[in-house]
Structures are given as C-alpha cells and as structure tokens.
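Chains as they are written, first to last, in the UniProt record's numbering: chain A, 1 to 278; chain B, 1 to 335.
These aren't lab readings, by the way, just hints derived from the structure by calculation.
Note that the Cβ used here is the ideal one computed from N, Cα and C, for glycine as well.
Check before you lean on any hint, since a few could be wrong.
Part of the chain B face toward chain A, derived, beta carbon under 10 Å [unchecked claim]:
1) A132
2) S240
3) L326
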Amino acid sequence: MVAALPRWAALRRPLRARPPAADPAPEGARGAELSVEDVSHAFQINGAPLPVLDRISLSVAPGGFVALLGPSGCGKSTLLRLAAGLEPADDGRLVLDGERIDRPDPSRLLVFQDPTLYPWRTVRGNVAVGLEARGLLAQRRGRIDEALGLVGLSAFAEAHPHQLSGGMQQRTALARALVNDPRLLLLDEPLGKLDALTRLALQDELVRLWRRSGFTALLVTHDVEEALVLAERVVVLSDRPARIRAEIRVEAPYPRRRDDPELVRLRSHILNILGHAA
Amino acid sequence: MTSVTAGSLPRASARPAAPPSPWVRWGTVLAALPWLALSVATRRLPETGDFPYSLVFANGTGLLGLLLLTGLPVAHGLGRVGARLRHWAPWIGVLGLAFLAWELVTAKLELLPMPFFPPPQAILEVFLDDWARLGHSTFNSLVLLAGGYAIGAAVGFVLGVAIGWSRAVGYWAHPILRFVGPLPATAWLPLAFFVFPSSWSASTFLVALATGFPVTVLTWSGVAGVNKAYFDVARTLGASGTFLVLRVAVPAALPHVFVGLFMGLGGSFAVLVVAEMLGVKAGLGWYLQWAQGWAAYANMYAALIVMALMCSSLISLLFRLRDRLLAWQKGLVQW
C-alpha cells in the first residue's frame with residue numbers, strides 16, 4: 001500500500017535508469033589502517049573542561065576488527081566521532097592510511113546506536129543516501145539491491161522505517177553504510193538497543209559481513225561477550241577520562257561459538273579487569 | 001470531509017454479503033420523510049410573501065425525498081455509494097427537518113422578520129437567477145487568493161529555510177519578524193491601498209503577508225528542530241551543504257511547513273474578504289457588501305454559502321496534498 005503512494009522521493013528529478021554498470025567492487029583487502037596517536041579530548045560543560053579521553057594510542061591493522069570495551073560514559077563514543085571526522089581532537093592525531101582525519105568522509109562510516117534512518121524515505125531510499133549525496137547513484141544503482149540482499153532486506157525495499165522492527169532498522173543502517181564500500185566501519189554500540197535474540201543474530205551477521213567485505217572495523221560496546229564474539233582484539237578502557245587498561249587478543253577462529261572455553265576464560269578475565277568478579 | 005469515515009469504509013464494503021438488520025435498514029428510510037414533508041408543506045401551506053421559486057423548491061425537495069425513499073432501503077446493495085449514503089442518512093434526515101423548520105418560520109408563518117431572514121426558496125432563486133455574477137465573483141476571489149497565497153507561501157518557505165539554516169540570515173530577519181510579524185495583515189490595509197498602484201496588487205500583497213508570516217515561522221522552527229543526528233549521518237556519507245538543506249532539512253521540516261500552510265490559508269481567507277469589501281470591486285467579499293447595500297439578504301446568504309464551500313474545498317485540497325507528500329507519517333489528522 002505504501003509503495004503505491006507517491007512519496008517525497010517522487011519529487012526528485014527522475015534518475016536515468018542505467019543498467020547496473022560494471023562496478024569496481026574489490027573483495028577483501030580493502031580495509032584501511034587506522035592509528036590513533038596520543039589522542040586527548042575534553043568536553044566543555046558550562047565553560048569547564050571535562051576530560052573524556054586521556055592520551056589514547058591504538059592502531060587497527062587493515063581489515064582488522066577491534067572492540068573498545070568500557071563502562072558507559074567513559075568516552076568510547078567520542079573516540080568514534082573523532083575517527084569519523086565529525087569533530088577534531090583537542091590533542092594528538094588520528095590517521096587513516098597515512099592521511100590525517102580532519103573531516104567526515106564516506107570511506108570512514110559510523111553506524112550509530114540509533115539507526116537514524118530518514119523516516120520520509122523508503123528502506124531503498126535510505127540505503128541510497130550515500131550514493132545520491134555523492135552523485136554516484138546512476139553508476140552504482142545495482143549496489144543498493146546487493147546491499148539490501150546482504151542484510152536480508154530485499155523484500156522490504158519499499159517499506160518505510162516505521163514499518164520495520166528495531167533489528168531491521170539497524171540492518172538498513174548497516175546496508176546504508178556498506179553500499180559505500182567503507183574502508184573503516186565505526187560501530188557505536190550498533191546492537192545496544194535490540195532485544196537479546198535479535199542481538200545474537202546480528203552479531204553473527206556482522207562477522208559474516210566483515211569477513212566478506214574486508215573493511216576495518218572498530219566497535220564500541222559495553223557487552224563483554226559481544227566484544228569477544230566479534231573482535232580479534234579487545235581494548236579495555238578505564239572510567240572517564242578513558243585510558244587504555246588492557247589489550248586482549250582473541251585467537252579463536254571465526255565463526256565463534258559463544259561457549260568456546262577460550263572465550264569463557266577471557267570473559268572472566270575481562271570482567272576481573274573491569275572490577276566485577278566473574 | 002468524507003474521509004473522516006475512510007477508516008470504516010473498507011470494512012463496510014469488505015463484507016457486502018451481510019445485509020444490515022431490518023431495523024437499521026428501515027430506520028434509514030426515516031431520513032426521507034422530512035424531505036417529503038417539506039415538499040408538501042411548501043406546496044400546500046399559504047405563503048406570507050411572493051416567492052416565484054416556491055414550486056421549483058417543492059418539486060426539488062419532493063424528488064429528493066422520493067429518491068431517498070427508494071434508494072435507502074436498497075443502499076446496502078449499492079456498493080461504496082450506498083455505504084456512504086447509509087452512513088450519512090441520519091444527517092440527511094436532520095437536515096430535512098432543519099429545512100422544514102426554516103421554511104415554516106419564514107415563508108409560511110413569518111415568525112422571523114422577512115427581509116433579513118429569507119426562506120430557502122429565495123436563496124434558491126439567487127442561485128438560479130444570479131449565478132453568473134456569483135460565479136464571476138467566486139472566480140475573482142480565487143484568482144486573487146491563489147496569487148497572494150502562492151507568493152506568500154513561496155517567500156515564507158524560502159525565508160523560513162534560510163532563517164532556520166543560516167545564522168546570519170537569522171540574526172537580521174529574526175527581530176524584523178518578531179516586530180512586524182504579529183501585526184494582523186489587515187492593519188496594513190490603508191497603507192497598502194495608497195502605496196500599491198492598484199487595489200488588486202495591494203490585496204495580493206496583503207494576502208501574501210497573511211500567508212507568509214505563519215509559513216515562515218513554522219518552516220523556520222521545523223528546520224531548526226531537525227534531529228542533529230540526521231545531519232551527522234548525511235555528512236559522514238559525503239553530503240554537500242545543498243544536499244543537507246534540500247534532502248535532509250526540508251523533508252524533515254515538511255510536517256511543520258504544512259502546519260504553517262494551513263494557518264496561512266486560514267489567515268488569507270480573512271484578509272481576502274476584508275480587502276474585497278474595502279478596496280477591490282470584485283470577488284465574494286465585494287458581492288456580500290453589495291448585497292447588503294441593496295438589502296438583498298437572500299443574495300448575501302447565497303454568497304456566504306458559496307464562500308463556505310470555497311474555503312472548505314481549498315482546505316480539503318491542502319489536506320490531500322499533505323497526505324500525498326507526508327504519506328510516510330503515521331497517525332495524520334483526518335479532514
């Protein structure tokens with residue numbers, strides 16, 4: 001019924017319907033190397049500086065998956081906003097493949113805790129935003145269906161966001177990022193608001209997408225198990241201002257089982273670091 | 001107006017097989033009786049004045065009564081039209097009673113003073129004899145309104161977006177808007193009529209002013225209130241400033257813009273009528289004034305009816321436009 005109604009999108013100038021042209025979609029080894037060098041950052045609250053990040057240094061290898069784990073409000077999300085180029089760091093620098101990050105760029109994409117879809121656009125329209133904004137829609141139109149298929153939303157392409165469940169909305173947000181072939185995907189508690197079962201399903205899906213597409217991933221979470229199931233390396237942060245307290249390599253092969261004894265052992269280790277006896 | 005019931009209509013037509021209970025089915029026939037009574041009363045009772053269209057009126061209402069009498073019992077078999085007819089049957093009946101009372105207290109018993117309260121057949125006479133002038137006046141009103149409203153809505157929209165988006169524009173426009181905006185557009189009337197070269201351009205200006213203020217303020221507040229995360233998303237995806245304004249800010253603010261458009265339309269009606277009464281020598285406002293001058297009260301009522309139809313239709317039209325553009329929204333107000 002929704003599909004039959006003319007939408008806001010109908011007011012746009014008609015786009016030429018070109019066949020999905022030969023499109024460079026290199027598989028694998030497209031991830032970029034991220035290095036965070038001695039970054040400190042503070043918020044201004046009523047004129048007084050509130051330090052949130054304290055001399056953070058870390059690097060993520062091309063195609064790597066690192067999880068930032070820490071208590072809520074410790075400044076993890078701030079680090080992602082800096083890496084996305086939405087804000088400049090007060091001190092230190094962030095570098096992607098040798099290039100300093102100083103503004104937003106579609107090669108580094110942020111997936112928020114809220115899906116933040118545009119309610120006036122269909123699922124397809126939302127996924128198309130990045131290509132449209134850069135004038136690439138005509139060339140890469142085929143990528144949209146591909147991305148929708150990748151997250152299992154082909155049947156919902158013409159639905160509006162309010163008709164979708166929370167999990168489906170977050171899948172749409174993932175497709176909206178993936179369609180741009182990001183080299184660095186910044187995930188800011190992307191599954192934080194989903195119910196437990198949807199969460200598990202999307203964790204597996206994230207692993208699948210990451211292994212298939214080869215982007216570099218930096219995930220912020222406060223769920224120890226989630227970090228262990230997804231990441232190759234877990235960075236544990238302290239309370240505000242965030243400092244790195246520990247870095248833990250997770251060697252278990254993908255796809256990981258949640259009852260893998262290795263993960264169970266690391267889980268209690270990390271909880272100990274965070275001050276919760278496991 | 002009919003779409004108030006739109007939610008229940010599909011259900012009614014979805015099961016046409018189940019006919020209504022005999023009680024409901026025959027109850028609706030009662031709606032035909034006042035119309036038949038009205039016809040008989042108009043024809044048979046002696047009249048206190050001379051009304052040349054009494055017989056036409058009696059025949060018309062009689063025909064309507066007969067149509068209802070035959071149509072209502074079988075309405076459940078008439079599909080959508082029938083469902084609608086049945087839904088409105090109580091209204092039709094009460095309306096017939098009201099007409100009957102009106103007829104009795106004016107033409108028949110003269111309980112209300114005559115030149116001021118004409119009977120329904122006198123108003124029918126105006127529609128049948130003076131339709132050319134009424135139609136011409138309606139046309140003039142529509143042209144004036146359309147010009148002024150289009151200019152006001154367009155300028156208000158652009159200005160609202162500019163104020164909501166640009167700090168500099170906001171700095172300069174805000175004080176002016178606050179100082180001048182709340183002034184009713186009609187207060188500009190004496191000034192407008194000697195500043196502008198013609199009364200028509202002056203009225204267009206006034207209608208535009210009445211429309212522009214609410215559209216500006218609401219567009220502005222809509223643009224200023226857009227979820228900041230929408231912009232973050234677009235910026236990381238590589239959106240330019242133009243894209244942020246046209247593809248993010250404007251569609252997100254559109255529900256607010258429509259509130260402004262509705263308020264502006266209401267305001268523009270008021271200004272239109274006043275301007276036509278005082279300056280423009282055409283239009284329904286002028287017709288009202290002219291009819292009153294000649295103590296042609298039946299013409300006045302006829303013009304009021306046409307005006308109500310015109311305003312109501314325009315509001316409905318704007319609702320239709322909104323429903324199309326904002327189909328993505330849930331729980332819209334029905335008109």
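Hints, verified against the model:
For the restraint placing B/A132 at the interface with chain A, the shortest Cβ-Cβ distance is roughly 38 Å, beyond the 10 Å limit, so the hint is violated. The beta carbon of B/S240 comes within 7 Å of a beta carbon in chain A, closer than 10 Å, and the hint placing it at the interface holds. Because the beta carbon of B/L326 sits about 8 Å from the nearest beta carbon in chain A, less than 10 Å, this interface hint is met.
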